[in-house]
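Asks: Spelled out from the first residue to the last, the chains are:
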Amino acid sequence: MEYFIHLGILVAIYAILALSLNLVIGYTGLLSVTQAAFYGIGAYATAILITSYDVNFFLSILIGMAATGLAAFIIGYVLSRFDGDYFALGSFGFNIIIFSIFMNWQELTRGPLGIPGIDRPSLFGFVFSDNTPFLVLAALLAVLAYFLCQFIVHSSFGRVLKAIREDEKAIQIFGYKTGYYKLVVFIVGAMVASVGGSLFASYITFIDPSSFHLNESIFVLAIIILGGLANNKGAVWGAAFLILLPEALRFVGFPTDIAAQMRQVVYGLILVLLMLYRPQGLMGEYKL
Amino acid sequence: MNNTGKWVGGVVVVIALIAIVVFAMRSGKSDSTDTNATSTEKSTIKIGLSLPLTGDLAFIGETDRNAAQLALEEVNKQEGLKHNYELVFEDDSFNAAKAASVIKKFTSIDKVDAVISIGSTAGNVVAPVAETNRIPHIGAGASDSTIAKGDYNFIHWTRPQEEADAMLKELQKRKITKVAALVANQQGLQAMNTELKNKAGAVGITITDETFNLGQTDFRTTISKIEKEKPEIYLLGAFDPEVGIIAKQIRELGIKTPLTSIESFALTADLKPFEGQWFVDAAVPTSQFGGTYQQKYGKEPGPAAANTYDAIHLLVKAFEAVPGDGKPASDQVAKALGGTQGYSGALGPLSVNSDGIFISQAAIKIVKDGKAVAVQE
Amino acid sequence: MDIIPQLVVNSIIAGAIYSMVALGFNLIYGTTKFFNLAHGTVAAIGGYTVFYLSKSLDFPVLPSVIVGVLFAGCIGYLVDKSVFRALRKKKASGMVFLVASLGVMTALQALVAILFSSQFQTLSVGSAKVYQVFGGVITQVQAIILLCVLLIMAGLTLLLRFTRFGKAVRATSDEEEVAKIVGINTNKIIGRVFFLGSAIAGLSGILVGFDTGIEPAMGLSLLLKGVIASIIGGIGNVYGGVLGAFLLGFIENFGIWKISGEWKDAIAFGVLLIFLLFRPQGLIKK
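Chains as they are written, first to last, in the numbering used here: chain A, 1 to 288; chain B, 1 to 377; chain C, 1 to 286.
Keep in mind the hints are simulated off the structure, nothing from the lab. All values derive from a computational prediction rather than experimental measurement. Treat the hints with caution; some may be incorrect.
[Said to hold, decoys possible] Stretch-level coverage of chain B by chain A, calculated; a stretch enters the list once three of its residues show a Cβ under 8 Å from a Cβ in chain A:
hint	region
1	83-92
2	119-125
3	175-189
4	196-207
[To be verified] Away from chain A, derived, C-beta distances all over 10 Å, residues of chain B:
hint	residue
5	R65
6	I147
7	Q161
8	K169
9	K248
10	K272
11	Q288
12	G324
13	D325
14	D331
15	Q332
16	K368
[To be verified] Examples of chain C residues toward chain A, derived with CB under 10 Å:
hint	residue
17	L37
18	L53
19	L57
20	F59
21	M95
22	G135
23	A171
24	I267
A virtual CB, placed ideally from N, CA and C, is assigned to each residue, including glycine.
In isolation and in its complexed conformation, chain A is listed as follows (with noise of 0.2 Å):
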């Protein structure tokens, strides 16, 4: 049916997020509230250039990473001089600035008023205008994100990355640069986020600053640390959880004037219940 494929589509939108986000976070030990400001220039570089300059898809992915790449490369040089708690509330301010910038730099993004009217992706004449071929897209870049990011954490860039977030200093002693591949990890997570955002313009195929506020961020984490940091399967796990759980509630039968809020007071107490009874996560395996 045509809503769940659209859920699923979400999920595997979402679950591109949360893995970019568990590398930086899960596995490096850095906490980055930023990823919804990647996921947002992604979406904005895809919606820009297939509206306005009629570039395809694919390529804008491309470009959309680039752009995201060079951002993340600024943001993280500023962010890597700083740790633990400082590090998150740069992340923070970061991502408040870049969404002003969405909201405020109307000749570019048209600012509150958002970009409508994004095509879907079309590939040698082949047009994703169904959601089931757009549902398979999806799935495919999520596949794809998810082993990359198997792959960079098995890897040895990726043991020296555990071995940052158990404990930078000791790294440190032994020679080896930890800002450069903080700074590196930090990239990466970004251009992946900004995947997920070109899926998402294109999908939607109507984008706003709205989508890309902190809340976004904050969702994301909440995903991630659901699902079990440092864990791969947990961020497709968690992606899924928090996505259909409110979407479920939906359809438990609350009076109709307090239904919504009701939702989200059942969404909040599943939450504070969850970090309470498995605090490390759906699949955790770093017990933090």
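Using the hints, position chains B and C against chain A.
Replies: Showing chains B and C alone in chain A's frame:
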């Protein structure tokens, strides 16, 4: 790898999926409770509404839902209707992804016959889907005309052009040449501001404007900044709650300059700060809808409430207008909707133009004794 | 009303509001070391309690405020007792606390919306009394906010420096494990800190309600400003938070003067970033 974890996670996700499927199949078959159908002969028309019921803009969704329910009550009191009508409300939190989920649920599970969305974000997400699925869609409180593209899409929100013209005319009448505008960073208001600025120069009016983001509560410095220009009137391009806060802070700073707005004063819960001030509003008669709403809910209607109310009535009228007794074909309904001329709505006489935009007229009103009253010509 | 003095006054008013949030936040953060997203919602609860008592039940203002403050404190205490204490026992990480606090914030905010609707409400009573100060204008409520901030700051300093409770709090903030070894019942101390910090938050919500108004979602943005102020000033430090708050107020207002209003948030965070770059420990070292 933690095996229990895998199991727990898997089980939870499976349960969620089963829950969705079970409930989806149940609601797909049965009707919801908003109906007083006694006969099995009449077909039931389902109208889905996508509103921001949670999040920062929840107060808009709440008031619009109230207005829709009020409209439904009036519809059910009418005699001789060909069909039964019921409403399905879903929350989109004014967010594009959630709005997409809502419209997908509406089309594939609830199988609605018409959709109303609130705001340009939801409107832009719903419009292409509505067009593909051939479901009439009215974007209430949406100012972006791209939403109205296609035969099935319509928007109902007083156009910036009409409002700007009315405002400029009144300013000229009162010989005001220096205006200060505080405008929220929101689609409809920015569109109005742009219209005003474009046309003001031609009639010798200067407008100094400042934009602010929704959710801001401290306008004191922005006001101080603008006051330096010594404007003759302050145009408040904001809705509840900002419009009330700005007015309060202007007065607290000791500024006695008159205030005006486009529609906002009529849509505020508390009109006392604007006593004696004139403003541009959607045309007469608002008082009847406002009065009925006030009676039922004990407070004034808020942003887009009147538009939602109208949208329900317009849809019902269109469904009833199609000849025949069975469920009307959606393209007929869309055509009927598109043919609306001179319908007397909560926002005055409404007609649809060829772009699918409901045109209502603007009028000058004044706040008297805490109520918006039309100015006698 | 001249512009520069008014800007100064505006900055001080904004700074005062942020200070109050920072004070409550800093107090709790010092002992628990995580970002409690629900702190802002407790402020909203304080405001709504007063709203309920004074507008629906027609209580007189001052008793309503006292009840509001105490009730907010209780809610904070209960949240700690039911959720955070259990997490502390499991030695959960800061991020788990964060997500748990996100859950609490979501649930509490929604409850407030159910009980009071999402409409924006004001607590104000009657017309505002306004004072002229050096060419700038300040209202009575704003003056009260400023006064409260100074009083609370003084009170907290005295409490932390000279009472046994204060010493226990400082010990717990510095090193919870060591404090336990020395025999301090850290859970009890933290519980009381939550009460105190949440009461302060409740008061800030109430005062904001009098100055502008309340709505269920007001907590998060208020909290963010308080957090930025705390970081700028030096996190965990009572004076630092206040100093950071006023600095933030000045930067925001003078920033708006020169740059357009919609960039206000970007300015605030831009400054934060510059601060973190050059002085990450904040203005005042702990």
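Asks: Against each hint, give a clear statement of whether it holds in the structure.
Replies: So, going through the hints one by one against the coordinates:
1. 83-92: Held - the region 83-92 of chain B has 3 residues with a Cβ nearer than 8 Å to chain A, which meets the minimum of three.
2. 119-125: holds (count 4)
3. 175-189: holds (count 3)
4. 196-207: violated (count 0)
5. R65: violated (8 Å)
6. I147: violated (8 Å)
7. Q161: holds (16 Å)
8. K169: Nearest chain A Cβ is 27 Å from B:K169, so the label holds.
9. K248: holds (25 Å)
10. K272: holds (28 Å)
11. Q288: About 24 Å separates B:Q288 from the closest Cβ of chain A, which puts it past 10 Å; holds.
12. G324: holds (28 Å)
13. D325: holds (29 Å)
14. D331: Its Cβ never comes within 10 Å of chain A, the nearest being 20 Å, so this holds.
15. Q332: Fine: 24 Å to the nearest Cβ keeps B:Q332 off the interface.
16. K368: Answer for B:K368: holds, closest chain A Cβ roughly 33 Å.
17. L37: This hint holds: C:L37 lies near chain A, its Cβ roughly 8 Å from the closest one there, short of 10 Å.
18. L53: violated (22 Å)
19. L57: violated (22 Å)
20. F59: Interface hint status for C:F59: violated (26 Å vs cutoff 10 Å).
21. M95: holds (6 Å)
22. G135: Not OK, violated: C:G135 not within 10 Å of chain A, min 32 Å.
23. A171: violated (21 Å)
24. I267: Nearest chain A Cβ about 9 Å off; hint holds.
Against the hints set out earlier in the document, violations occur for numbers 4, 5, 6, 18, 19, 20, 22, 23.
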